[in-house]
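Novice: This is what each chain is made of:
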Amino acid sequence: MSAPDPAARIAAYLERLRDVLPHDRASSVTSDVAALIEDRIDAAGPAVPRAEAVERALAALGAPEALAAALAGDAAGGDAAARRAFWRLVPILFGGHLLVSVVLAVAGAGTSLLPGLVGALPTSSPLATAFGVLGIFLADVGFATVLVALLGRERAPALLHRLRLEMPGTRRDAALSLVFLALLAAILDVPAVRDRLFALGAGEGRASLLGDDALALIPFANGVLALFALRHVALLVSGGERVGTLALDALASLCAAVLAVVAMTRDALIRVPDTAGLTAAQARTLTDLLVRTVFVVALVSGVLLVARFVRRVLRIRQLV
Amino acid sequence: MAEARAPEERDARNDAELRRGVLQLVALALLEEPRYGYELVRMLGEAGFPTEEGTLYPILRRFEEAGALEATWDTSRARPRKYYRLSEGGRRLRAELTEAWCRVRDATDAAIRRTPS
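The listed protein sequences correspond, in order, to chains A and B.
Position one of the first sequence corresponds to residue 1 (this note's numbering), numbered consecutively onward.
Position one of the second sequence corresponds to residue 1001 (this note's numbering), numbered consecutively onward.
No lab work stands behind these hints, which were simulated from the structure alone.
Just so you know, these numbers come straight off a predicted model, no measurement behind them.
Mixed in with the good hints there might be a few duds.
So the derived list for chain A, only partly shown, Cβ under 10 Å to chain B, looks like this [what the hints assert, rightly or not]:
1. Ala-57
2. Leu-71
3. Thr-265
Far from chain A, by Cβ distances over 12 Å, these chain B residues were calculated [said to hold, decoys possible]:
4. Ala-1047
5. Phe-1049
6. Arg-1062
7. Glu-1070
8. Ser-1076
9. Glu-1096
10. Pro-1116
We put the beta carbon where it would ideally sit given N, CA and C, even for glycine.
Kindly generate the complete structure, drawing on both the sequences and the hints.
Specialist: Shown next as structure tokens:
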């Protein structure tokens, strides 16, 4: 196991400290503490390896949570950290819970997995749906309260610090991602490429695998790709993580998650025609297999995208 | 070995307990001239008050927010450094704490003198 990079250690310490401080003091306190750390490292002299000097400097400051508590007075500091942990947990629970409910609703699930907690959203009227969403939110606030109480005021914030919120990105990453997005766009939008990739059979018998629903979703997929592309262009311009790039990434992730959920609920995404050298039974089996594969891929993608959206929103809250 | 070190460790712990109460006064006493955080940590150590940044910084921050210290960033260096210095309010606070310390010290001395050895 390699030793952690000293600069990364300092950045992680300051990030944890920032996270448990009240917003109005976070910036000035972290500037002060960064200067204290550098002064102690300088004082250690060139004979002491930088990694060791950093560890000594951080040890002299104590745990970020303890320092924040000392700055705010013990009770207030602990409460602020626990409050922050609570409000970090709620959107994570709510995002995941809501996605499951939407998926169950659009999939036409009639029964609850856990009665009252994991079930489809009511679709009888917009008001009923709104109350369903509110019910999910209230249930998750309750979950978060219980979790923070079980973990304790100190362990809850420490546990949630392991959740990395930063969005490290370099101009090189952005450029590579843009190339990848351009390739995806070419596959989706150039009929010759699309038909060559998603087709079965040869010559006259060659037939497209994409159903009407898949073709209808292509403009929406283009919109999502455009949002991600915009985010990477913004990253190219800014050179690093900014509130604007985070907001674009959050929006793109949310739209992509919605697209994944919509894709999961379409009946005519894939069609394997029996004109492609297959019997009708073989075509039905292959269609079924492909539809299930798409469902699983869309479900996993949807969960990951919602998690990405929540992390971006939390990071924005941290920075603003 | 542990037995031989035990009294020294006890002494260090007792000293630390007693010093904790007067650390604020000593820090204020050392801040007539502008000093940066680590410089003050070092000076406190040399003055017999070994202190870590994690203990000193919250004190400096509280004094700064209460107006007892004036803080300025020196940006002329390669890396900015924050200097602290007593304000007028800080001088008044130092005088009050000094008086309080003298009262406590006299009362402690008197109590110890009355105690049969």
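Novice: Determine for every hint whether it applies to the structure shown.
Specialist: Checked hints:
no., hint, result
1, Ala-57, "8 Å, holds"
2, Leu-71, "5 Å, holds"
3, Thr-265, "54 Å, violated"
4, Ala-1047, "17 Å, holds"
5, Phe-1049, "15 Å, holds"
6, Arg-1062, "8 Å, violated"
7, Glu-1070, "14 Å, holds"
8, Ser-1076, "14 Å, holds"
9, Glu-1096, "21 Å, holds"
10, Pro-1116, "39 Å, holds"
Hint check: violations occur at hints 3 and 6; the rest are consistent with the structure.
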